[in-house]
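Trainee: If you want the building blocks of each chain, they are given just below.
2 protein chains.
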Amino acid sequence: MALVVQKYGGTSVGDLDRIRHVARRVAQCVKQGDALVVVLSAMTGETDRLTQMARKITAQPSQREMDMLLSTGERVTIALLSMALQELGLSAQSFTGRQVGILTDDVHTRARIRSIDAERLKEALSKGVIPVVAGFQGINHRSDVTTLGRGGSDTTAVALAAALKADLCEIYTDVDGVYTTDPNIVSEAKQIQKISYEEMLEMASLGAKVLQTRSVEFAMKYRVPVCVRSSFTTQEGTLVTEEDNEMEQELVSGITYDKNQAKVTLVGVPDRPGVASTIFEAIAKENINVDMIIQNVGQAGLTDLSFTIPQTDAVQAKAVLNGLAKEVGLAEVLLAEQITKVSIVGVGMRSHTGVAAKTFSSLAREGINIMMISTSEIKISCVIEAKYTELAVRTLHTAFELGEA
Amino acid sequence: MALVVQKYGGTSVGDLDRIRHVARRVAQCVKQGDALVVVLSAMTGETDRLTQMARKITAQPSQREMDMLLSTGERVTIALLSMALQELGLSAQSFTGRQVGILTDDVHTRARIRSIDAERLKEALSKGVIPVVAGFQGINHRSDVTTLGRGGSDTTAVALAAALKADLCEIYTDVDGVYTTDPNIVSEAKQIQKISYEEMLEMASLGAKVLQTRSVEFAMKYRVPVCVRSSFTTQEGTLVTEEDNEMEQELVSGITYDKNQAKVTLVGVPDRPGVASTIFEAIAKENINVDMIIQNVGQAGLTDLSFTIPQTDAVQAKAVLNGLAKEVGLAEVLLAEQITKVSIVGVGMRSHTGVAAKTFSSLAREGINIMMISTSEIKISCVIEAKYTELAVRTLHTAFELGEA
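Top line first, the protein sequences correspond to chains V and G. Heads up: the first sequence at position 357 corresponds to 357 in the working numbering, and the numbers run straight through without jumps. Heads up: the second sequence at position 392 corresponds to 392 in the working numbering, and the numbers run straight through without jumps.
Derived from the structure by calculation, the hints contain no laboratory data. Careful, some of the hints might be misleading.
Copies of the same chain are indistinguishable here, so a pair counts whether it falls within one copy or spans any two.
DSS-like cross-link-like pairs, simulated, lysine-lysine; straight-line CA separation at most 30 Å [stated by the list, open to error]:
{"#": "1", "residue 1": "Lys-56", "residue 2": "Lys-194"}
{"#": "2", "residue 1": "Lys-127", "residue 2": "Lys-285"}
{"#": "3", "residue 1": "Lys-127", "residue 2": "Lys-56"}
{"#": "4", "residue 1": "Lys-56", "residue 2": "Lys-31"}
{"#": "5", "residue 1": "Lys-127", "residue 2": "Lys-31"}
{"#": "6", "residue 1": "Lys-165", "residue 2": "Lys-221"}
{"#": "7", "residue 1": "Lys-190", "residue 2": "Lys-358"}
{"#": "8", "residue 1": "Lys-165", "residue 2": "Lys-31"}
These numbers come from a predicted model, not from an experiment.
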């Protein structure tokens with residue numbers, strides 16, 4: 001008998017019919033002999049509905065109150081699914097994040113899990129009850145409700161699987177699994193059967209939306225096998241697990257892209273110690289996340305410094321930097337928002353050479369200029385003009401032969 | 001500076017405009033120097049919406065899951081009102097029933113409050129924060145969410161006022177206060193300015209819907225002054241408080257009626273010890289509440305026994321009694337559902353005679369037959385045929401001169 005944590009996303013519990021469908025699916029698994037813990041998101045659209053009400057009340061809702069408001073969505077779905085399971089003759093019980101002992105830090109609307117005391121879950125399981133747990137939420141040390149940010153239910157599921165030492169964590173969503181790239185751009189994109197934690201982590205943080213990055217970090221840290229699959233089909237999905245020899249034979253596993261980036265270029269930065277730290281400290285103080293950084297070779301004691309940040313923070317970053325310009329002695333602050341970061345991910349890169357060269361030459365052949373490059377052991381990212389996004393993704397997907405045979 | 005607990009019902013927070021209106025009202029009170037605790041219901045219609053979803057999933061939803069589901073409604077309104085108060089520049093914070101320490105018994109969907117640990121409320125008040133508390137809900141000893149039944153937010157408000165030793169508990173609703181009778185039946189019905197706990201308790205349990213009976217019990221037990229008033233006007237409302245000399249001068253305070261009753265008559269009951277207890281134990285075992293009981297004088301060792309029960313339990317009660325008929329030796333079980341209980345309430349009855357006589361003669365003059373009578377120190381209830389309800393209420397209202405001068 002395997003212990004499996006199953007997480008169903010908002011579209012999978014989007015209306016009463018779909019909730020009944022999930023109940024039947026759960027019943028089927030129980031019949032096959034598995035012990036299950038079910039984690040749910042809110043009905044699709046519910047979070048937006050609640051957020052809109054808040055925005056009509058105030059332009060800047062308190063984050064503590066947003067958490068109180070948004071955490072209601074999952075409570076509705078867990079109660080309804082528990083009823084649907086009971087209607088099928090199964091023993092089921094709903095639990096909030098608090099009730100299964102999810103303690104988080106204090107950062108409302110994007111809290112991080114600190115600890116899980118899964119005693120109540122274990123007790124329920126030992127009695128043959130199917131626990132139906134509200135994803136996305138926990139409580140802080142003051143016993144106030146916190147939420148884990150968009151996609152936080154994935155993290156709840158993986159964290160519970162880790163705490164319970166479950167055999168598998170299944171993430172049910174509205175796609176069949178993880179693809180070699182976005183099928184909306186490349187019709188030959190292929191579903192990946194198996195991918196390593198490291199690769200999935202890169203893919204998630206580089207823009208593949210199928211799993212929340214933090215859930216992959218959790219899975220990697222606690223070695224929880226995660227399966228991403230569709231709740232609407234019986235396809236097997238993509239298994240995210242430890243790297244094995246088979247995976248290393250693949251040069252590249254997937255191509256991702258992220259359009260939500262902006263590039264800041266500081267022209268005429270004095271080339272002396274302490275300047276870069278002054279600049280990046282000012283940016284960090286505003287809680288703006290800097291991704292790629294490039295410093296050009298200087299001439300006459302001046303260099304150009306470029307870096308990328310989330311597009312949503314671009315205006316704020318520019319204001320901060322303009323404020324610094326005089327103090328630091330910058331000539332100019334330039335902002336480019338029409339950019340995309342395209343990335344190639346694969347553990348095979350560790351043992352194969354030539355991936356970077358092939359990437360650059362493939363893009364060059366299509367006349368795509370690379371503005372910035374950053375690499376890690378298992379990925380290469382290139383910043384390009386946004387208008388070339390689809391062309392670049394298709395080109396690289398073909399170059400590395402990722403498509404269906 | 002007075003400490004006031006204000007409760008706003010579902011219609012008072014029925015949409016975003018009304019929530020903003022409540023926020024302005026609260027701000028006004030704070031400006032006048034009062035310290036406030038606000039208790040809210042769910043938006044009107046929300047409880048029905050959630051209940052309907054549950055009923056579509058299953059005909060018999062688990063009561064624990066109903067509580068998980070229904071307790072979300074108040075969490076939405078407390079978050080939104082807190083935001084609206086913050087938008088007005090006030091310091092406010094939402095709290096669930098659990099967070100203000102409302103511990104209840106284990107009876108899901110109609111739990112009773114066992115204790116309140118109001119430490120967090122006191123802390124918030126001491127910091128000048130306006131606590132906005134979810135009505136209707138608490139947790140049991142297992143930390144599961146419970147709800148207090150329809151109108152339970154009244155009880156939350158009064159219980160918090162008692163725990164905090166507040167100077168006043170204001171119940172804001174969509175009517176101006178407590179009336180001498182239903183204004184929909186008697187257009188001359190007058191708003192009562194002041195009424196004793198005992199009278200209000202009788203009126204609430206006899207069918208006046210303006211306050212939950214249990215909230216009045218709480219107010220009486222802890223001597224909390226309660227003011228019932230409209231959130232849509234600035235009228236002063238009705239004060240529910242300790243009996244004083246002024247009140248005693250009024251013979252009768254109000255006329256109520258309850259159409260949700262059914263009368264059961266057992267014909268040919270053997271007139272020997274133990275029979276009545278067998279019958280009423282069987283009824284109690286089904287959790288059916290018996291109200292009035294009348295036993296006629298027996299002939300030839302047989303008597304007739306009549307009693308009233310809630311109409312919703314009538315079919316079940318008849319089935320139980322038919323099952324007993326043979327064992328006990330009943331001739332027949334008759335059920336009358338077209339009945340109404342009309343009641344006259346007033347502390348003045350204690351010191352005045354003739355109220356009963358006037359009641360009976362007034363009804364007789366209109367040709368209304370009284371089927372059952374029950375009295376207490378401060379009330380007289382008569383069961384009559386349902387078709388005479390409005391006539392009886394108008395007749396008694398006039399007879400006791402309760403109308404506007």
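Trainee: Pop the pair Lys-56 and Lys-31 into one bin, within, between, both or neither, using alpha-carbon distances up to 30 Å.
Mentor: between (47 Å within a copy, 25 Å between copies)
Trainee: Give the relationship of Lys-127 and Lys-285 under a CA distance limit of 30 Å: within one copy only, between copies only, both, or neither.
Mentor: between (50 Å within a copy, 29 Å between copies)
Trainee: Evaluate Lys-127 and Lys-31 at a C-alpha cut-off of 30 Å and name the case that applies: within, between, both or neither.
Mentor: Result: close within a single copy only, 16 Å intra versus 55 Å inter.
Trainee: At most 30 Å between C-alpha atoms: does Lys-165 with Lys-221 qualify within a copy, between copies, both, or neither?
Mentor: within (13 Å within a copy, 52 Å between copies)
Trainee: Under a CA distance limit of 30 Å, which applies to Lys-165 and Lys-31: within one copy, between copies, both, or neither?
Mentor: Classified as within: same-chain Cα gap 21 Å, cross-chain 56 Å, threshold 30 Å.
Trainee: Is it within a copy, between copies, both, or neither that the alpha carbon of Lys-56 lies no farther than 30 Å from that of Lys-194?
Mentor: Result: close neither inside a copy nor across copies, 45 Å intra and 40 Å inter.
Trainee: With 30 Å as the alpha-carbon cut-off, assign the pair Lys-127 and Lys-56 to within, between, both or neither.
Mentor: between (46 Å within a copy, 28 Å between copies)
Trainee: Could you place Lys-190 and Lys-358 in one of the four classes (within, between, both, neither) given a Cα distance threshold of 30 Å?
Mentor: Result: close within a single copy only, 21 Å intra versus 89 Å inter.
Hint 1 from the earlier list is the only one contradicted by this structure; the remaining hints agree with it.
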